[in-house]
Amino acid sequence: MIKRLVSAALCIAIIFSLVACGAAASNPATNAPTTAPAAQAAAATDAPTQKPAEAAPKEEAVKATLTIAIWDNLVNDLYQQLDIQSRFQKLYPNVDIEVEKIKNDSEYWDAMKIRASANELPDLMFNKTFTLAQFKDYLIDLGGTEASKNNNLASAYSVGGKVLGIPQTMTTEYVFYWQDMFDEAGVAVPTTWPAFLEATEKLQAHFEPENPDFMAIALGAKDEWPTYPFVEFMPALQNGDGFNWDSMAKLEEPFASGSNMNLTYNKIYELFSKPVFGRDPNGIGHDQAVALFAQKRAAIIVSGSWCLDTIQQGTDDVSTLKTFYLPVRDAESEPFRIIAQGDSFLGVTIHSQNQPIAVDFVEFYFSDAWYRDYINSIPDDGTVDEFAKAKTPALQIADDTEPKDKTLVMYDGGGDDFQSLVNETKFDYKKLGAEMFVDGFDLQKRFDDLNAAWKSARAKLGVK
Amino acid sequence: MSAISRKRAQFIVVSLVLPVILLLMFVVYPAADLLNMSFTNWNGLDLQKTYIGLSNYRDMIFSSPDLWLSLRNNLIYFFVHLVFIFIELLLAAMFCAKFKGAGFFKWLIFLPYIINGVAISYAFSYFFSPVGGAFNEALRLLGLGGFIGNWLSDPKIVNYVLASVSVWRYSGYHVILFIAGIKSIPNDVLEAAVVDGANAFQQFWHIIVPSITLVIDFILFDNVRGALQQFDIPFIMTSGGPGYASSTFTLYTINIAFKFNNFGMASTMAIAIMAIIIAVYFLQTKVVAGLRGVKK
Chain A
292 MIKRLVSAAL CIAIIFSLVA CGAAASNPAT NAPTTAPAAQ AAAATDAPTQ
342 KPAEAAPKEE AVKATLTIAI WDNLVNDLYQ QLDIQSRFQK LYPNVDIEVE
392 KIKNDSEYWD AMKIRASANE LPDLMFNKTF TLAQFKDYLI DLGGTEASKN
442 NNLASAYSVG GKVLGIPQTM TTEYVFYWQD MFDEAGVAVP TTWPAFLEAT
492 EKLQAHFEPE NPDFMAIALG AKDEWPTYPF VEFMPALQNG DGFNWDSMAK
542 LEEPFASGSN MNLTYNKIYE LFSKPVFGRD PNGIGHDQAV ALFAQKRAAI
592 IVSGSWCLDT IQQGTDDVST LKTFYLPVRD AESEPFRIIA QGDSFLGVTI
642 HSQNQPIAVD FVEFYFSDAW YRDYINSIPD DGTVDEFAKA KTPALQIADD
692 TEPKDKTLVM YDGGGDDFQS LVNETKFDYK KLGAEMFVDG FDLQKRFDDL
742 NAAWKSARAK LGVK
Chain W
372 MSAISRKRAQ FIVVSLVLPV ILLLMFVVYP AADLLNMSFT NWNGLDLQKT
422 YIGLSNYRDM IFSSPDLWLS LRNNLIYFFV HLVFIFIELL LAAMFCAKFK
472 GAGFFKWLIF LPYIINGVAI SYAFSYFFSP VGGAFNEALR LLGLGGFIGN
522 WLSDPKIVNY VLASVSVWRY SGYHVILFIA GIKSIPNDVL EAAVVDGANA
572 FQQFWHIIVP SITLVIDFIL FDNVRGALQQ FDIPFIMTSG GPGYASSTFT
622 LYTINIAFKF NNFGMASTMA IAIMAIIIAV YFLQTKVVAG LRGVKK
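Chains A and W are the protein sequences, given in the same order.
Using the numbering used here, the first residue of the first sequence is number 292, and each one after it goes up by one.
Using the numbering used here, the first residue of the second sequence is number 372, and each one after it goes up by one.
These are computed hints drawn from the structure, not numbers from a lab.
Owing to the predicted nature of the structure, the values given are computational and were not obtained by experimental measurement.
For every residue, glycine included, the Cβ atom is placed at its ideal position computed from N, Cα and C.
Some hints could be false.
Calculated pairs, DSS-like style, for lysine-lysine (alpha carbon to alpha carbon, straight line, at most 27 Å) [to be verified]:
| id | chain 1 | residue 1 | chain 2 | residue 2 |
| --- | --- | --- | --- | --- |
| 1 | A | LYS697 | A | LYS717 |
| 2 | W | LYS657 | A | LYS717 |
| 3 | W | LYS527 | A | LYS755 |
| 4 | A | LYS427 | A | LYS755 |
| 5 | A | LYS755 | A | LYS541 |
| 6 | A | LYS392 | W | LYS630 |
| 7 | W | LYS420 | A | LYS419 |
| 8 | A | LYS695 | A | LYS680 |
| 9 | W | LYS630 | A | LYS427 |
| 10 | A | LYS682 | A | LYS697 |
| 11 | A | LYS541 | W | LYS657 |
| 12 | W | LYS477 | A | LYS751 |
Label pairs and their in silico Cβ distance ranges [stated by the list, open to error]:
| id | chain 1 | residue 1 | chain 2 | residue 2 | range |
| --- | --- | --- | --- | --- | --- |
| 13 | A | ASN395 | W | LEU446 | 49 to 55 Å |
| 14 | W | GLN381 | A | ASN385 | 45 to 51 Å |
| 15 | A | ASN395 | W | LEU393 | 30 to 36 Å |
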C-alpha cells in the first residue's frame, strides 16, 4: 500500500514538474509593476527629451545598457550594418545597445507577454497597431518628444490620448507579380476584383500544363498568417473604414447577410475556392511560397512591402518584378482603395531602469543621426517628412499604374472592445482564411456560429 | 547521539534541504499558482485579475468544442504509439540477440531521439511538402503516384502523418529502454528456460515480458504523458491546422493563453491535462495489470 502511495506521489510530482512549469513562465500580476504607469510617464516627460539628438556628447559618466527587442531579421541586420550602437554612443559614449532578436513576431508577442508579467520587459520594444492597446499599461507616453511631434502617424495611433509608440514605417500591401509571366499568359494588371479573379484563372490555365505544381498565387496558408492581406485588410478596403474592427465591435451580428464582413468574406471564399493557389495551399508555408514565387513557379504573391527584400534574396533577376495594389472594388465606377498602416511602433517600457536614456534613444532613432540611413535601407515608407524618400522602383510601379483617384485607407488593428470580443469568441480571421481551403468548408455555418458567439460575447462583456 | 549518527543526520538534512527547496520553488509553488490562476479571468497583461469561481471549468467543459477536438487528436497519438510499443518491444528483443551489425542498428534506431525536435519537424515539413516533397517523389518513383495526398492539410489524415513523425522520433528511445530492461534479466533464467524446452515466443512472453514490468510501466506512462502533451510536431508542421484539425490539447492551451489572452482559462486547461494524465495512467495500469493477471 505504502509503495503504491509513494509511486502515486512520485507520478504526481513528475507530472507537476512537466506541466506546471508553464505557470512559472506566466506568473501573473502578483508581480505587477511596482511603479505606476502615470508616474513613469511623468518621469519620462521630465526626461531630457527636448535636446536635439545631434547635440554634443552627454556626460561620459552615464553607463548603462539599453535593451531593445525586435523580431525582424532585416532590422537586425541593419542594426549591425549601420552600427546603431556606435552612432548612439556619440551621444552616450558609455551606453551599450543590446539587441534581443526574437525568432518571429508570433514568438515576440508571447515573449513580451511573459516578460511583462515578470517585470522583465526590455527598455525599448516595438509594437504593432493591434498590440498597442494590449500593452498600454506597460508603455510610457512619448507625446512630448520631438520624435512624436515630427512623426506623421504617431498621434493618429495614440491610445487614450497617449502616444505609446512612434511608428518607424508605413507599410503598404502590394500584389507582387512577374511582368513576363503576365505577358506570356496575356494577362493585364486587374483594376477590379472580378478582373483579378479572371487574371488568376488565366495564369493558372496557361502555366499549369507545363508545371503541374504551378500556382497563380503563392500564399503559404500552412502558416495561417499569410492570409492576412485578404482576411484582415479586405474588410477595411471593401467599406473604406480603417477602423472596421472597431465598427464591427458595435454590431450585434457582424456576419449577418448583407454586412460588410459577410460580403467581403464571401468574395475571399470565392477566390480561395478556385484552383489558383496550387494543389495544396495549406501544405506549404510562407517561406516556401516566397521561394517558389522568386523562382517563377508562381506568378503572384500578395504581401507587404517588407516582403520585397525576401523575394530579392531568392532570385538574381528582378527586372520583371512589378507590383500593383489589390483591387477589391467590384466595378470601375467604385472608388479604388489602397491600405496602409503605421508599423513597428517604438516605445519605452515602464520596466526600463534607464527611461531618460531610452527616451533619448527614441529621439536619436528618429533623428538624422540614424533614421535617414535606416529608412533608405528598407523598402517601406518612412513616417517623418524630413526624411522622405523615393519609393523602391518595384513598388513605385504600383503608384504609377493604378488609377490616379485612389483613396488611402489607414488601417487600425482594433481597440479594446474588439480585442476583448476576439478573445471571448476566439475569432481568428487568419485561421478562418486557411480553413477556407479545406474541402467541405461551410462558410455560412461559420457565419452563423460567429454571429451567435459575437452576440453572446457582447452581452457578457457589456460591449455597446 | 554519537558523532557518526550526528554526521549522518547532518548529511541527510543537507542532502534533502536543497532538493526540497527546489521542489517547492519550481514545482509546488508554480503548481499552486497555476491552480489559483485557473479561478481567474486574468488576460496575462492586466495589472489585476478577477476571481470568477468555477466559470473557466464550466466553459472549458461545455463551451470549448475545439478543445475536445484537440484532445481527440491527442488520442490518435496515444493509440498510434501504443500499437508501436509492442513492435518496439519485439525489436528490442531482436537487438538483444547477437548478430552482425546489431550495435549499428541500435545506434541508427536511437539517432532520431537525439536530434532536435524542431529540426525534425522542419525536415518532415519539407518531406511531406506538396511541392518537391521527397515523400511524394518517392511515391511517384515507385509507381504509386495515385496515392499522393495532401499529407499536411487533409483533416482526415493529417493527425496520422504527424503521429508517424512522433513514432519515428521516439521509437528509438523506447527500444533502448526495452533493451536495457532485457539485458538486466539474468542469463541463467533464460538458459534454464531453453533447457526446459521453451521456444522463442514462450521465452519472450513468460520470461522477458514479466521481467521488465517496470520498464513497460514507465514506457506506458511516458506514452500517456507524451501523447497528451504533444506540441512541437503539430506546432511546427501544421500550426494545428487547417482550422483545429491537427491541434492538440497543449497547442490549443497555448493559443488560448497567448493568442486569445486568456491565461485564466489556459491555467484551467493545464490543470485539466494533469488530471487527465493521472486518470489515464491509473486506468491504463489497471487494464494492463488485469491483462497480465497481476493483482496490483
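Violations among the numbered hints: 1, 2, 3, 11, 12 and 13
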